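All chains should be modelled from the sequences, with the hints used to inform the complete structure.
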Amino acid sequence: MERLNLSKLIFALLSLILLCGCWDIKAINERSLPLVMGISKKNDEKYQVTLTLPVTRVKGKTRIITEKGESVSEVLGQLRSNVEDAIDYSQIRLILIDAPLAANHLEWRKMFHYLMSSKDIPSIALVAITDENIEQMFSKMSKQGLSGTALYDFFNKGAGWAPDVSNTRIWEVYQNLFSYTNDIAVPVVHSSEDTILKFKGSAVLKNGKVTANISPSENQLVRLFQHHHFIRNTENLGFATIFVVNSHLKNKPSITNHIPQVASDLFIKISILERDEGVSNSLVIDELEKRIEKRFNDMFKQTQINKTDIFGFGQLFRTRIPYDDLHSWRDKYYPKLIVNFRVHATME
Amino acid sequence: MTQRLQLGFVFIIIHMSFGYLLYPKLTYSLTKSGHWGIVLSYGLLQLILIAIYKKGLNYFPQKDMIDIFLTMGRWAAFIFLVPYAINLNALIAMNIRAHAEDIISIFLIRTPYWAVLVLLFLISTYTAIKGLSTILRASAVFFFSINLFVIFVIASSSVNFQLQNALPAWPLSLDFLWNVKFLYLMGFSAILFLGFVPSETNLKFGQLTAAWLYVLFFYLSAVYVPLFIFGQETVTTFVFPMKEAADSVDLSWFVFNRQTLFFGISIIGFNLILNAVKLWMIGQIMQRLFPGRRSKASYWILAFSFISFLFALCVPNKAWIEKLSLMSEGTNVFFTVILPSIIFLYVVFSGRMRSYGET
Numbered sequence: 480m481e482r483l484n485l486s487k488l489i490f491a492l493l494s495l496i497l498l499c500g501c502w503d504i505k506a507i508n509e510r511s512l513p514l515v516m517g518i519s520k521k522n523d524e525k526y527q528v529t530l531t532l533p534v535t536r537v538k539g540k541t542r543i544i545t546e547k548g549e550s551v552s553e554v555l556g557q558l559r560s561n562v563e564d565a566i567d568y569s570q571i572r573l574i575l576i577d578a579p580l581a582a583n584h585l586e587w588r589k590m591f592h593y594l595m596s597s598k599d600i601p602s603i604a605l606v607a608i609t610d611e612n613i614e615q616m617f618s619k620m621s622k623q624g625l626s627g628t629a630l631y632d633f634f635n636k637g638a639g640w641a642p643d644v645s646n647t648r649i650w651e652v653y654q655n656l657f658s659y660t661n662d663i664a665v666p667v668v669h670s671s672e673d674t675i676l677k678f679k680g681s682a683v684l685k686n687g688k689v690t691a692n693i694s695p696s697e698n699q700l701v702r703l704f705q706h707h708h709f710i711r712n713t714e715n716l717g718f719a720t721i722f723v724v725n726s727h728l729k730n731k732p733s734i735t736n737h738i739p740q741v742a743s744d745l746f747i748k749i750s751i752l753e754r755d756e757g758v759s760n761s762l763v764i765d766e767l768e769k770r771i772e773k774r775f776n777d778m779f780k781q782t783q784i785n786k787t788d789i790f791g792f793g794q795l796f797r798t799r800i801p802y803d804d805l806h807s808w809r810d811k812y813y814p815k816l817i818v819n820f821r822v823h824a825t826m827e
Numbered sequence: 004m005t006q007r008l009q010l011g012f013v014f015i016i017i018h019m020s021f022g023y024l025l026y027p028k029l030t031y032s033l034t035k036s037g038h039w040g041i042v043l044s045y046g047l048l049q050l051i052l053i054a055i056y057k058k059g060l061n062y063f064p065q066k067d068m069i070d071i072f073l074t075m076g077r078w079a080a081f082i083f084l085v086p087y088a089i090n091l092n093a094l095i096a097m098n099i100r101a102h103a104e105d106i107i108s109i110f111l112i113r114t115p116y117w118a119v120l121v122l123l124f125l126i127s128t129y130t131a132i133k134g135l136s137t138i139l140r141a142s143a144v145f146f147f148s149i150n151l152f153v154i155f156v157i158a159s160s161s162v163n164f165q166l167q168n169a170l171p172a173w174p175l176s177l178d179f180l181w182n183v184k185f186l187y188l189m190g191f192s193a194i195l196f197l198g199f200v201p202s203e204t205n206l207k208f209g210q211l212t213a214a215w216l217y218v219l220f221f222y223l224s225a226v227y228v229p230l231f232i233f234g235q236e237t238v239t240t241f242v243f244p245m246k247e248a249a250d251s252v253d254l255s256w257f258v259f260n261r262q263t264l265f266f267g268i269s270i271i272g273f274n275l276i277l278n279a280v281k282l283w284m285i286g287q288i289m290q291r292l293f294p295g296r297r298s299k300a301s302y303w304i305l306a307f308s309f310i311s312f313l314f315a316l317c318v319p320n321k322a323w324i325e326k327l328s329l330m331s332e333g334t335n336v337f338f339t340v341i342l343p344s345i346i347f348l349y350v351v352f353s354g355r356m357r358s359y360g361e362t
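Protein chains in written order, with my numbering: chain G, 480 to 827; chain V, 4 to 362.
If you are wondering where the hints come from, they were derived from the structure by calculation, not from laboratory data. Please read these numbers as outputs of a predicted model, since none were measured by experiment. Be aware that one or more of the hints could be misleading.
[As the list claims (entries may be wrong)] Listed below are the simulated DSS-like cross-link pairs for lysine-lysine, each with C-alpha atoms no more than 27 Å apart in a straight line:
(1) V:Lys246 / G:Lys598
(2) G:Lys598 / V:Lys28
(3) G:Lys786 / G:Lys679
(4) G:Lys487 / V:Lys133
(5) G:Lys731 / G:Lys780
Next up, the structure:
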């Protein structure tokens, strides 16, 4: 072997300075990872942010911290300096917003601009609205002895989530702030005595403005049109209870003389779980078809009054209306939209 | 043959590096519908430039671009190539700065940007000093591994696709061709790299076209993935649309819960190769134009990379990054058009066309 080159050796040793470790990464046991964040704004014009931090040393225990400030980003900064561990916001999975703040159109827009552009908070975090006092809600939950992930699991597809609950993410809300042709529903929840949360329905948002509240059964229709998710659920018709096994939606848009039309056909397969004596299949089918059609038509009329395209019909007309006119879809075209909604139910 | 394949890989990688960051944003600001029209007209114009360039280079089978300019005369080489080297330097600086910003927003939230710059510059300078043969050998590994990441990101993003968001599908007009931003878009091109390898061992025009089609397909996906997810109205509000698109996917079923990490790794990989190639080009130009006993390519590379590091360090924020990158891309357009045309015209007027045909 050749003589060791001294200058090379020194260079190699010097590079150890650069390889001494990560920059200013905090070790995992020194970090607090909040999973749920609550944001509210009371009359006193200050934002209040509440975090639930899982206490890693005691299994299943959470602690709740709250801080007030002029903006969400300011409060998150304050919390970071006040807590003894390094708070890492990158694992936040659910953001609960209280109803008065959600109703404030301008604050909502500002907040979601921040949440989307923030480097810390992931844009896949779920968003929900609640009528209750968030701090009390969190402390009630921690008294029930629920673990830190319980709130998130309520919305988690891999855990306890049910398909009639809508799950809306930060990026979807952000997209809705700008979209010309599509609106969204954000789930509204409140705490309950025995289960972690109760799903109350959804708030309908038009460019970040709450225009209506819808019930869970109406929310299913929204999910059906938005995501083409089939509604796998039970429905009670009074004299019978049925179970929707499978569904399939077909939309046919057309436009004549600036009046848009959609022929919408919903095909569902049902099975009857229980029924009163003497009730025939065709009676059940007739009643179910009528019921869903009525539910849709009532709701659709209401959204036309609100000029909120919660079903996303505008998406079907993006090619049929000139792009320069598309921004007036909600005001000019949507109130005139005719939807011919038919339900075709068959027995399994 | 293997060298040709590797050259093709490098050609694809350096163009893909451009596609990830600012290319989609420029495209969105150019039109509101039918984005493919822009990408394809960009592709066609670049292909014409490649054809002119290849035509010129082919008359000098054993020479590369610098030799050709030197045969025109030393003054010609000085006038055209020294400014080009400076432009390359600015491109490197802005490119690394933009990537540093993106990397910070993906993994290293609390790290100051100079630390990321140091790392990126060290690696690309080292690679450039090792020379083209090293870059070529590394290219195959990079090409396959990073392409897998890219395909993974595109495939997993497809869960959030809403195809209607990209409608209307037809371009409203061809006005974008006269928009100054389209000129900037043309600056996303590294075709001049082809001239640094003698055409005897270089890619043939047919092979180049195939590689270029691959690049175009990728550019289309880089433009359309964010568009399918967010729609035109929203996508114009982002600085790095592709990053936001990758961020919108919930990968809780996977080992890593953010696929943006894959995205980050891919852009680092592409970027290192792109900047190494550019630094190597600068080294070649300067060493050949200023021959001398002490003039070594590696010294020039070190000096220029230090200058562009300082330049990148002075850029304070995203707004400036965008502005200055566009300016450097704009100058790049000038060279991508001028240099191939000059070589071509030189061939025509010096009568080499005829003599080459006779021999």
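Verification of the supplied hints:
no.: 1; hint: V:Lys246 / G:Lys598; in the structure: holds, 11 Å
no.: 2; hint: G:Lys598 / V:Lys28; in the structure: holds, 19 Å
no.: 3; hint: G:Lys786 / G:Lys679; in the structure: holds, 23 Å
no.: 4; hint: G:Lys487 / V:Lys133; in the structure: holds, 16 Å
no.: 5; hint: G:Lys731 / G:Lys780; in the structure: holds, 19 Å
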